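> What follows is each chain in one-letter form.
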Amino acid sequence: MTSHQETPTSAGDEERACVSRDAARVGILGMPAAEPMHWLTGGALAMVVLSVGGLLGLLLVHGLFAFWPKPIVRLSMTDGRAYLGEVLSWNASPTASARRDLIVASRSASDPETIGDMILRVSNRSPSPSSSDSGIVRLPRRAIASQTIDPWAVAIDLGGNVRLFGTPTAFYEQSTLIADEPARIWPLFETRHREVRQQRRDAQREKDNVLADVDRLLASKRRELAAARARSQASPQAVDDAEEALAYARSESDKELDRLRERLAQVEASTQRYRMIVKGTDGTTWNLALVDIVRGSAPNQAGFLSAVVTSCERWKEFLTTGAGDSVQQSGIYPAIVGTLAVTMIMTVLVVPVGVMAAFFLREYTRNPTLRFCLRITIRNLAGIPSIVFGVFGLLLFCDTIGPALDALWFADSLPWPTFGKGGLLWAGCTLALLTLPVVIVSTEDAVAVVPSSVRQASYACGASQWQTIQRVILPYALPGIATGTLLAIARAAAAVAPLMLVGAVTMTHGSEGNETFSQLQLDQEFMHLGLHVYNLAFETDDHWTTRPLLYATALVLLVIVISLNMVAIALRSRWRQRLAVREL
Amino acid sequence: MIGGGRLSPSPGRTPQDSRSVPMLKKTPGSPDPHGDNDLLAAIERGEPISTVTHEEALREDPVLAIEHFNFWYGRQQVLTDIRMPIPRGKITTLIGPSGCGKSTLLRCVNRLNDLADESHVSGQMSLNGAPLYDSSVDVIALRKRMGMVFQKSNPFPKSVYENVVYPLRIDGIRQRRRLDEACESSLRKVALWDEVKDRLRDNALTLSAGQQQRLCIARAIAAEPEILLMDEPCSALDPIATAKIEDLLEQFKGSYSILLVTHNLQQASRTSDFTAFMFLGRILEFGPTRTIFTRPRLAETNDFVTGRFG
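As you go down the protein sequences, you meet chains A and B in turn.
So our numbering is basically just the index in the first sequence, starting at one, shifted up by 12.
So our numbering is basically just the index in the second sequence, starting at one, shifted up by 693.
The shape of chain A in the complex, shown without the other chains (with noise of 0.2 Å):
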């Protein structure tokens, strides 16, 4: 063979024996054929690249759909009752008291079939939110007649977690009937309706401003009033001038005021005057003015692109609004702002003290001894549980710090605490201690491969310690920073029960939950996403409505995180490419 290979002609023979070498080593399914461990490290990658996508894509999916129209269905039951309603679950098992019955009567009947129970969400009239009216029925399967689908069914939501299901039969303007037919109803409902809401959001509007204006104009001039009067002695005809014209203004306020409460009386009668009756079951009539109504849905007519656009407008009131009645009611917006703000917070305090951190502990500290004992302690720290670090900032922040800066500060507004209370920037605080440990140990593994040729070289040009660290190290670390900031939010982001102690609460109230940035306060209290997927886990016992929210909460912290972290491996990716030149 070897005398072969060296004569041309074998080239062809060599190529063969190549070949066959290689179909030997072919395994099963023609993949290469690998060693044991090649197939038992890549099984594990599998596993770990399916648990991800499943994550992701079951969150994802549940989420996305959370806000997805329901079908709604008229039930006959055997004992001739009738429901109209929300299918929430077509076959949920039964609670442990059914079982129990049916232990006994399964020996007569035992169609699985027929086992299950249907949720129903039902018209609820009462406003109040507790569970007895939530609107859940649970119906027993066995128990069904009939089941139709009615198409005009609808379902209107009048706030405040009252939602009526039924059948739209007559349509009024003032006291004309102008329809009678669902087919006809319900395109005209759904114009006149928006024309309405928009008309009363617009006298709300101007209501506002007009108060405001009022407000300002008297303010203005009651303070002009107080500084002539402490000017009083000099000029004391000032002061009849001012208080004149605080009379004249208040008197124009009122004319003002007298005006904007007609306007707002006819907008009103205006708005009032489109009234659509809906039957629902048992013969139940109800008549309502188009204004009232916050949202109407025919979703047995829908298809799937109204679906589509129903589903979208539900997620941005979801995503804008803010609290509502309870938990299940409010959108998260202030949650989203909250999040943001105490991340923010945590970050600005954390990665500069961090960073110096390491600093100090590579660069300046020259006792081995010390070094080993801080960083022995620093490392203990990252270990300890989130919650330790709550009590720990509810401690410090809230009732030693916090109470001292009040009495300093804010001695005016005591007994009510300013700073002696959870809030925004305690809480940001307590995060930046439980993340610190974070940054201080990434920053300093990053200073730590910073080449010593490169220090030297900035020490021969006659840098001083800190321009060598700030001009030279710091770009090197940068990516490791990078990596500690975003393991920080990540940590940060898990942490919810340190926040319940330092002042994130279920629910805020703002001015209609419009919290923005502009308006956040450093002392106030805050909502937090985790706190709102925690509250609609476990604080509510409408199980059935809450679950959808729930996966939409999660998945919109879920996305917030992700953000967060791809800024800040986009970052490192940039820094890491200044450095890594050097490879090549």
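No wet-lab data here; the hints were simulated from the structure.
Nothing here was measured: the structure is a model prediction, and the numbers come from that model.
One or more hints might be untrue.
Straight line, CA to CA, 25 Å or less: simulated DMTMM-like cross-link-like pairs of lysine to aspartate or glutamate [to be verified]:
1) 890/B - 831/B
2) 845/B - 375/A
3) 937/B - 996/B
4) 82/A - 162/A
5) 82/A - 294/A
6) 845/B - 774/B
7) 845/B - 457/A
8) 82/A - 375/A
9) 851/B - 162/A
10) 946/B - 874/B
11) 851/B - 375/A
Chain A is fixed; fit chain B onto it per the hints.
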């Protein structure tokens, strides 16, 4: 020629030198075949010896004077009684076997060894008459008066421009014009200007190895140093890049005072004006390069420069 086998725990071994290939080939335990090398034996025993300094070196105007200088890492004495004047405007090379303390001596000049823990010194050096080792000396200001080039090129992960003007930046100079001028003149001096003038904003790490080393030289001379310290500047470069740097050294003669450490005897003989031969932390002979390489006064120096050492 080295007596006994006692060289191994070389006192002058520094972390930098331990990486390079030892030049001394010797069989452990083999007795000195000649028995006539009293000087090296005396050094190994730690006895004081006196440096043979040629008169030509003493006649020069010294930019840097090293007087009775000793240096210890912990308890280990690395440099012993160094006495030598470094002539102004000339290139002085330090040659000697690995671990003899050449790089350490160089780093003592700009006090980079201060950064190492547990080092201490005795004796004095003075740069243009100003002492370097007084307690009142500001080390930062001192280092600004010198430039240093290292064995491995070590540009900062910044732009070419920022690398060159780094010494000026840390001096707090902000005027664009002065920085631009310094950058261009330094890069011209190292013959790098034409190669990088369109890439001044590029990351310095994108340059080739030889360009990076010349960039480091440009950085070292940007702030017009009084002395330029070069620690084996060509040892990591290919012959072409090495030739370019040797050309630079040729041009620098007269305008810069250079203290150069090299392992390459040809380089030392080609480029330098004066040569000092070091052994185990001592300077054995110091004189004009031509004399050191052709008619050294010490037999040990002759053995080393002719490659018969060991």
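> Evaluate each hint against the coordinates.
Comparing the hints with the structure gives:
1. Taken as a hint, the residue 890/B and residue 831/B pair is broken in the structure, with Cα atoms around 36 Å apart against an allowance of 25 Å.
2. For the given pair, residue 845/B sits about 22 Å from residue 375/A by alpha-carbon distance, which is consistent with the 25 Å threshold.
3. At roughly 30 Å between alpha-carbon atoms, residue 937/B and residue 996/B are farther apart than 25 Å, so this suggested pair is violated.
4. Between residue 82/A and residue 162/A the CA atoms are separated by roughly 13 Å; this keeps the pair inside 25 Å, and the hint holds.
5. Between residue 82/A and residue 294/A the alpha-carbon distance is near 22 Å, which keeps this suggested pair within the 25 Å criterion.
6. For the given pair, residue 845/B sits about 29 Å from residue 774/B by alpha-carbon distance, which is inconsistent with the 25 Å threshold.
7. Only pairs whose Cα atoms come within 25 Å are accepted, and residue 845/B paired with residue 457/A is accepted, the gap being roughly 23 Å.
8. Distance check on the hinted pair: residue 82/A and residue 375/A sit about 63 Å apart at the alpha-carbon level, beyond 25 Å; violated.
9. Simply put, residue 851/B and residue 162/A have alpha-carbon atoms about 72 Å apart, too far for the 25 Å limit, and the pair is violated.
10. Our distance criterion of 25 Å between C-alpha atoms is met by residue 946/B and residue 874/B, whose separation comes to about 22 Å.
11. At most 25 Å may separate the alpha-carbon atoms for a hinted pair to count; residue 851/B and residue 375/A meet this at roughly 21 Å.
Consistency with the previously given hints fails for numbers 1, 3, 6, 8, 9, ordered from lowest to highest.
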